[in-house]
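Engineer: Sequence:
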Amino acid sequence: MILRPVKDTAADAEAVRELAAAAFDDPAVAGASPLGTAAARHLARTDPGGCWLASIGGEPVGAVLSMRREGLWTPSLYAVRPSAQGKGVGRLLLERAATHARGCLRGMVCAPDSPAAARRYRLAGFTLHPTMRLSGRVDRSGLIDPGDIPVHPGNATHLHLLDSVDRRLRGSAHGPDHELMLGHFEELLIADALAGSGYCYRDGGAVRLLAATSKRIAARLLREALARVPDGVEARVEYLTAEQEWALDVGLEVGLTPRAGGFVGVRGMRPPMPYLPSGAFL
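Position in the sequence shown counted from 1, then plus 688, gives you the numbering used here.
Since the hints were made in silico from the structure, they are not lab data. Careful, some of the hints might be misleading.
To be verified - Each computed EDC-like pair below joins lysine to aspartate or glutamate, with the alpha-carbon atoms no more than 20 Å apart:
| no. | residue 1 | residue 2 |
| --- | --- | --- |
| 1 | K903 | D836 |
| 2 | K903 | D851 |
| 3 | K695 | E706 |
| 4 | K695 | E783 |
| 5 | K903 | E922 |
| 6 | K903 | E941 |
| 7 | K903 | E874 |
| 8 | K775 | E747 |
| 9 | K903 | D937 |
| 10 | K775 | D851 |
| 11 | K903 | E933 |
To be verified - Across the chosen pairs, the derived CB separations fall in these ranges:
| no. | residue 1 | residue 2 | range |
| --- | --- | --- | --- |
| 12 | L936 | A804 | 49 to 57 Å |
| 13 | L882 | A804 | 43 to 51 Å |
| 14 | H840 | E931 | 43 to 51 Å |
| 15 | A948 | L811 | 39 to 47 Å |
| 16 | E706 | L882 | 47 to 55 Å |
Where a beta carbon is used, it is the ideal one built from N, C-alpha and C, also for glycine.
Produce the entire structure from the sequences given, and follow the hints as far as they go.
Structural biologist: Have a look at this one:
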């Protein structure tokens with residue numbers, strides 16, 4: 689087996705995408721979207737030491753993408769081809785990626801239901817928090833909101849606000865990752881008032897990342913994001929830990945169905961709150 693860094697090329701990005709699609713049944717996890725391919729190239733540029741590809745006989749059999757942002761190490765993708773599972777491929781990939789975490793006091797990861805991933809991340813020192821997802825058509829009669837906290841579209845001029853909220857909640861900014869998300873997600877929503885601030889990315893029916901300085905602002909942002917989901921499109925909110933009951937309450941108010949699945953892993957920190965992580969960029 690040969691391990692090598694993921695390169696910033698279309699060929700390597702496609703290899704990572706195909707491995708993820710083979711390893712996971714959920715297309716949202718597989719990263720088959722343009723963002724998934726762009727994310728592989730983005731992280732190959734920003735974090736070459738944290739992104740590795742494994743191959744046997746010239747065939748890619750596993751990949752890991754990870755990043756470090758201001759002392760926080762976050763695995764973004766960890767995938768092994770089913771035919772290569774149980775052969776030590778995943779262990780070697782994660783060990784190699786973990787060298788990129790040296791000097792990081794905190795770690796965070798999102799993962800779908802996978803016994804192998806849970807075992808690997810637990811052995812790597814992560815505390816695993818089970819999560820729920822919300823999905824379904826939005827019942828607009830449940831979207832009544834006083835609107836006393838204004839929410840408006842955001843753009844690149846708000847990067848300082850986004851980084852400030854990130855540092856307060858998880859101890860580190862997303863930095864260059866926001867530029868990629870701005871270019872690929874449909875909409876960025878901003879709340880900035882005397883009561884605090886926050887932001888939320890929406891892409892179609894999916895809430896991709898939400899961070900706020902209070903539950904009240906977080907709930908206001910989530911309601912606004914769900915209100916903007918087009919009619920006939922299924923809404924989706926993922927990776928709700930027990931600390932995110934405010935989001936569960938909003939989801940139930942608008943008729944979304946909760947289901948258990950996946951986990952958020954943290955080390956050297958507690959799950960950020962109020963915070964809904966992005967599977968790719970956390």
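Engineer: Now tell me, hint by hint, if it's right for this structure.
Structural biologist: Here's how the hints hold up against the structure:
1. Only pairs whose Cα atoms come within 20 Å are accepted, and K903 paired with D836 is accepted, the gap being roughly 14 Å.
2. Between K903 and D851 the CA atoms are separated by roughly 18 Å; this keeps the pair inside 20 Å, and the hint holds.
3. A threshold of 20 Å between alpha carbons decides the hint, and for K695 with E706 the separation of about 15 Å falls inside it, so the pair holds.
4. At most 20 Å may separate the alpha-carbon atoms for a hinted pair to count; K695 and E783 meet this at roughly 19 Å.
5. Among the hinted pairs, K903 with E922 is inconsistent with the structure: their alpha-carbon atoms are about 24 Å apart, more than 20 Å.
6. A distance of roughly 16 Å separates the Cα atoms of K903 and E941; the hinted pair therefore holds under the 20 Å criterion.
7. For the given pair, K903 sits about 24 Å from E874 by alpha-carbon distance, which is inconsistent with the 20 Å threshold.
8. About 15 Å separates the Cα atoms of K775 and E747, which keeps this hinted pair within 20 Å; it holds.
9. At most 20 Å may separate the alpha-carbon atoms for a hinted pair to count; K903 and D937 meet this at roughly 11 Å.
10. Pair hint K775 plus D851 does not hold up; C-alpha atoms about 40 Å apart against a cutoff of 20 Å.
11. The suggested pairing of K903 with E933 holds, with an alpha-carbon distance near 9 Å, which does not exceed 20 Å.
12. Between L936 and A804 the beta carbons are some 28 Å apart, a value that contradicts the proposed interval 49 to 57 Å.
13. Between L882 and A804 the C-beta distance comes to about 48 Å, which sits within the given range of 43 to 51 Å.
14. Range check, H840 to E931: about 27 Å between beta-carbon atoms, so the 43 to 51 Å window is missed.
15. The beta-carbon spacing between A948 and L811, approximately 23 Å, falls outside the hinted interval of 39 to 47 Å.
16. Distance hint check: the CB atoms of E706 and L882 are about 49 Å apart, consistent with the given range 47 to 55 Å.
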